[in-house]
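Trainee: One letter stands for each residue in the lines below.
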Amino acid sequence: MEKFLLVLEVITTCCAVTQSMTGQERSEEKSECVSLSPMMEAVPAPPESERVCVFGTGDLGRSLGLRLLQAGYGVVFGSRRPHSSSSLLPHGAQVLGHAAAAQSAHLIFIAVQREHYDFLVPLANQLKGKVLVDLSNNLKKNQYPEANAEYLQSLVPGAEVVKGFNTLSAWSLQNGPSDANRQVYICGESVEAKQAVIAVAIKLGFSALDRGFLSVARELEDFPLQLFPQWRLPLRIAIGLSAAFFFYLLIRDIIYAYVTQSKDISFRIMVSLANKVCPIVSLIMLSLCYLPGVLASFLQLYRGTKYRRFPDWLDRWMLCRKQLGLLALGFAFLHVLYTLIIPIRYYVWFKATERTVSMIRENRTTQFDMTTAWRGDSYLSLGILGFGLYVLLGITSLPSVSNALSWREFSFIQSKLGHLTLLLCTAHTYLYGWNRFLSSSTYKWYTPPGYMLCLVLPSVVLLLKLLLITPCVDRTITRIRQGWERGADQRNPKDSQPLIP
Amino acid sequence: MEKFLLVLEVITTCCAVTQSMTGQERSEEKSECVSLSPMMEAVPAPPESERVCVFGTGDLGRSLGLRLLQAGYGVVFGSRRPHSSSSLLPHGAQVLGHAAAAQSAHLIFIAVQREHYDFLVPLANQLKGKVLVDLSNNLKKNQYPEANAEYLQSLVPGAEVVKGFNTLSAWSLQNGPSDANRQVYICGESVEAKQAVIAVAIKLGFSALDRGFLSVARELEDFPLQLFPQWRLPLRIAIGLSAAFFFYLLIRDIIYAYVTQSKDISFRIMVSLANKVCPIVSLIMLSLCYLPGVLASFLQLYRGTKYRRFPDWLDRWMLCRKQLGLLALGFAFLHVLYTLIIPIRYYVWFKATERTVSMIRENRTTQFDMTTAWRGDSYLSLGILGFGLYVLLGITSLPSVSNALSWREFSFIQSKLGHLTLLLCTAHTYLYGWNRFLSSSTYKWYTPPGYMLCLVLPSVVLLLKLLLITPCVDRTITRIRQGWERGADQRNPKDSQPLIP
Amino acid sequence: MEKFLLVLEVITTCCAVTQSMTGQERSEEKSECVSLSPMMEAVPAPPESERVCVFGTGDLGRSLGLRLLQAGYGVVFGSRRPHSSSSLLPHGAQVLGHAAAAQSAHLIFIAVQREHYDFLVPLANQLKGKVLVDLSNNLKKNQYPEANAEYLQSLVPGAEVVKGFNTLSAWSLQNGPSDANRQVYICGESVEAKQAVIAVAIKLGFSALDRGFLSVARELEDFPLQLFPQWRLPLRIAIGLSAAFFFYLLIRDIIYAYVTQSKDISFRIMVSLANKVCPIVSLIMLSLCYLPGVLASFLQLYRGTKYRRFPDWLDRWMLCRKQLGLLALGFAFLHVLYTLIIPIRYYVWFKATERTVSMIRENRTTQFDMTTAWRGDSYLSLGILGFGLYVLLGITSLPSVSNALSWREFSFIQSKLGHLTLLLCTAHTYLYGWNRFLSSSTYKWYTPPGYMLCLVLPSVVLLLKLLLITPCVDRTITRIRQGWERGADQRNPKDSQPLIP
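Residue numbers (UniProt numbering), protein chains in the order written: chain W, 1 to 501; chain Y, 1 to 501; chain R, 1 to 501.
Hints in this document: simulated from the structure, not taken from any laboratory. Quick caveat, the model's predicted, so the values are computed rather than measured. Backbone N, C-alpha and C fix where the C-beta goes; we use that ideal spot for every residue, glycine too.
To be clear about the criterion: a stretch of chain Y counts as covered by chain W if any three or more of its residues have a C-beta under 8 Å from a C-beta of chain W, and this derived list gives those stretches:
{"hint": "1", "segment": "206 to 216"}
{"hint": "2", "segment": "340 to 347"}
{"hint": "3", "segment": "359 to 371"}
{"hint": "4", "segment": "377 to 391"}
{"hint": "5", "segment": "396 to 404"}
{"hint": "6", "segment": "407 to 418"}
Chain W with its partners taken away, still in its complex shape (with noise of 0.2 Å):
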């Protein structure tokens, strides 16, 4: 139900979106924002203009129909009752039966809900070689033992199922692409159909793409149905950390001041508190998302094979570690700014002056320790080099830059370059430490500072890579990828050798 509401709230966006530009093509020649993409509009119907029919007069069947005759196709539609429901159809559109309507056209859009696919079995006939486009998705996932298309194609076995458009917005149908509407996936057995389907994509103003056979339907029917599932698990860890140390922090540093030295620095939660918990969480992220890979490269040296698979866990994990990169990017983000800001608090000027002050007051005077200064401005320096990296990381694993990678360049900006960061960042922490590492002021109420907790992942990441790229251990493994097994039958030479360096 949640959901459900959710995607309402969507809908005024979307719908507002696309409905504008419709009307801006209208108004195109005194417009100051003209778009390149829904430019079919204006189009007269062509001489060569085909035909396709649609199935179906709700809202989605007439959005269709209005674009399909925008591209300049000949629409007609298939309806039960075809006089009721014509005075609501887009202008220029032909309105039959059920039957004539199939017979008008070889491509047939259903635009009706699977409940009432059964109508189609009595129109076998006339749907014999037909190209039937199911556009239908359901409201929850797995709601039916099978896919929509795959019923359909039960249905009606003469006919060509295929799946498509059904990832798009009702609104993108009816206006044509936007920003986040430009790919059709389509599915089905035969390629002659999709062909067709995938032509009318393309004067549509979409880009098609075939994902396959007709068994794919199901993975697309749940497609419009995610919110960001790849990014579920990481957000999760991410929050849930956060938690952690927010509130074990909130007791280290207000509620013991509070309750040792009855002082009240709650106001630190705002900033103090925050700059504490972004770095940690951020530290510790990065090094999950490094973890999988040094583990599944120890599983492959223990199995001494790599055809055999990895445990789920740990194929879930390593298929979230670009989302745990980058959410640890976003914590290391605000952790910069959050510094940034410090000396511009009333807190620290106030503090500042107070100890200036005091100084004079008492007289006293203070001498320039080199050390402090060396460790101080190294801390920072190895921070800001750390975070200039993280932000080339996340630059790299942008779709458009990594596309125009090779994969070797792409691996070693994620693997070299990452495991670069990843020991920036842990010497930063390290540095920020220091020597309070050994002062037992540090442990109040026998509890590690955070930033000892967050230490010991990164530091047990960085020793099994450097285990890994140890000449010796790196030979195996290197063998192991090139497809050698630990006590296989030596074969043929000629094939063994790897081909790709």
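Fit chains Y and R to the given chain W structure using the hints.
Mentor: Just chains Y and R now, kept in the frame of chain W:
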């Protein structure tokens, strides 16, 4: 004229870029910078090399001819005076009279200006069934009643006219695709003709996009003349707002101080004033980016249908939302930088010292004010989080990123997170104002400070949005989005339900 | 060798990534991370499943075979010893002798190393008219006189050789596309053959790009061996400049202070020095990015034609401009961070306190200096605006963004805004220097400070650019760009005019 000058200016770069490319191919071996794109050069005329014809031996004709030869085509130039012009033409090309040239190939590029198309009329017979590619552009929009391509078609009805390649710079035509010149837009009536042209485009290393029928030609011909059409309105708004607030604050702060206390604080213009203008403009533009969506919803509520168009001003406005948002982000970015350099400023350092010194001289002591600390920190914290989301919105509006999102995900970010950003930034500004709203000293010359003015719009937008997401209103809106119309006759329930949740 | 080791290192990630993918499909139901890309796995061999043949039962052959089976193809392996090797092959594949296998399919993947191609010669008859896909790569560039694919074609002239799939990692071949492995480059003489291969690529979930004739094969075979070829030169320049200025400033600042006043300020290396090197290198590289364009224009002016090529060094230089610019942006980014953390530094805090304390002890008072305030704020303001534009340039150079721009828009940003950025940054640096240019104390050991040195190049570039945009010069340049040649015979006026404004 100014436009024309600009273009010339631009050419400087273009030419340089692409000239260099051709050179680079020659020196591929020793070159350190090898690019994949312009790889055809070295190709010798292959066995099944096809023949194409180019009319016009001007710069464009010669450039195109050279490129075609490199891609392995046989090139025949059609010229009025074959012998005089042949000297300048690329080596390997044939030159014939127009008639002979036309007969020699199926595909003919018309690299001649529209004014001279009439010479094609007598060639009607030779051109019958040929594919004519119209590459022409005009010097300004709406220069002629109909598009050049349509004019050409009317002159040679027997031929298949295809508009294309005109969106490229002459220099990419000569030297192959460069960064901003990969895509070739094509339109025409005959699918076969378009296929033939697309094939050539691909062989030249471009990616071709079929935009539909010949009636689109006008749009394609206007495209190269456009300079950020969608950005004009938002840019004007941004500049207008900046100027207005700049002068308003100039008077309130600097001039006021000069007149009343005859204090010269003009130096504040550079940073302090800029840092007031930026956030104000940013916040206003962000709310301008979400206002139209809200208005549209209310309009639909009022009309009780989604099938009527919005007034043009609203359409235009909604088409600029992305640009409005990105400009707002730009100003927010400057605001952040301007804020972060505050402590480095001489003026700030001077004031701080002065304060400390006076404190000691007058032997004053200050009390730490918990409220100020809370307020200041929350103010900063909200700003940081707001900016973080701001940046996230910006990233998701990158073409490659938004294409990777399903429409539901895209809308979730742009709508839900967008309004959250607006909320955070507004709260940030309210905290900045804090209790100064009440003190009369704030209202110099009875004028409210800038941040108060800029709070009006976002507050309104947020209130309206709040109204819209109240269940009762939301329900109605949703039904309207799903095609329901107030007072419409209830039609076949089967079709009326929405297919896409 | 170093290269080779790198590759092995890289493989670690690759393999891990893709291994995981296959696993994930199996566990799709319960998995929380579902990705759209590798969806073919679950597909059962479909009715009209086509048959393809794979020569070579090594790792690559087996990986490819598995993938093909998953995509619904029937797979026949060709092996010298069918029975020995069959045990290792993916379940569902057939194994035959080479001859029998060749006859069983139209499409044959050659997953064998070039050294062993000769075994194909005796199969000439069976291979006649077949499509041979050459997947081979070499271990280093120019290993053989001609490309492997061309060599293969020469061995089997009767077959249609297509080069392809070699730009993928073996692991994406096995497991389907991953982030950096979507695109498949293809080249060959026969269009039909290429179409057949592209069809397979698409079914495997890749997007295929036809790169032209077989003569391109060499380039495709070199591609996977490349590691940022276009970045090498710029990176070397960046590193060289950084090193040079680092040592120069090390001597001038730290060592000088140590020698003359025997003061140890070595701690400054970490931040102060870094923050001098970064802006210097950034500014120099930015001007290096705009210098070649200016030089090119002058060269054309001097030659009076655009039809002669530039010297290679200029070509190479111009091809690296984008990279030069992006590196410059990187350094500017670091400079900004280094500047913003200044007030957090222990050293700065210490100095500030010291100053205040001494002021009071010695009972001094300072006068607020309006000029300093003006200068300092303008200096900061220019820097901020410059950086803002800098970032804008960076964003527009993202592939997805620059593709969305018309060439005119792209050139406007890169040329106009680019030079404006250079102007702002140069002014920023001049303001930094301010009056110190005159005071002799600036010239320690008679050496000019770094910012002076780095000002030379940008100033020159800006001056030359200024010259170029003076109307008279601009007019000549423009005519040259439009194909006009000094002292060229006037040819047919009709054709000589430029078509594209």
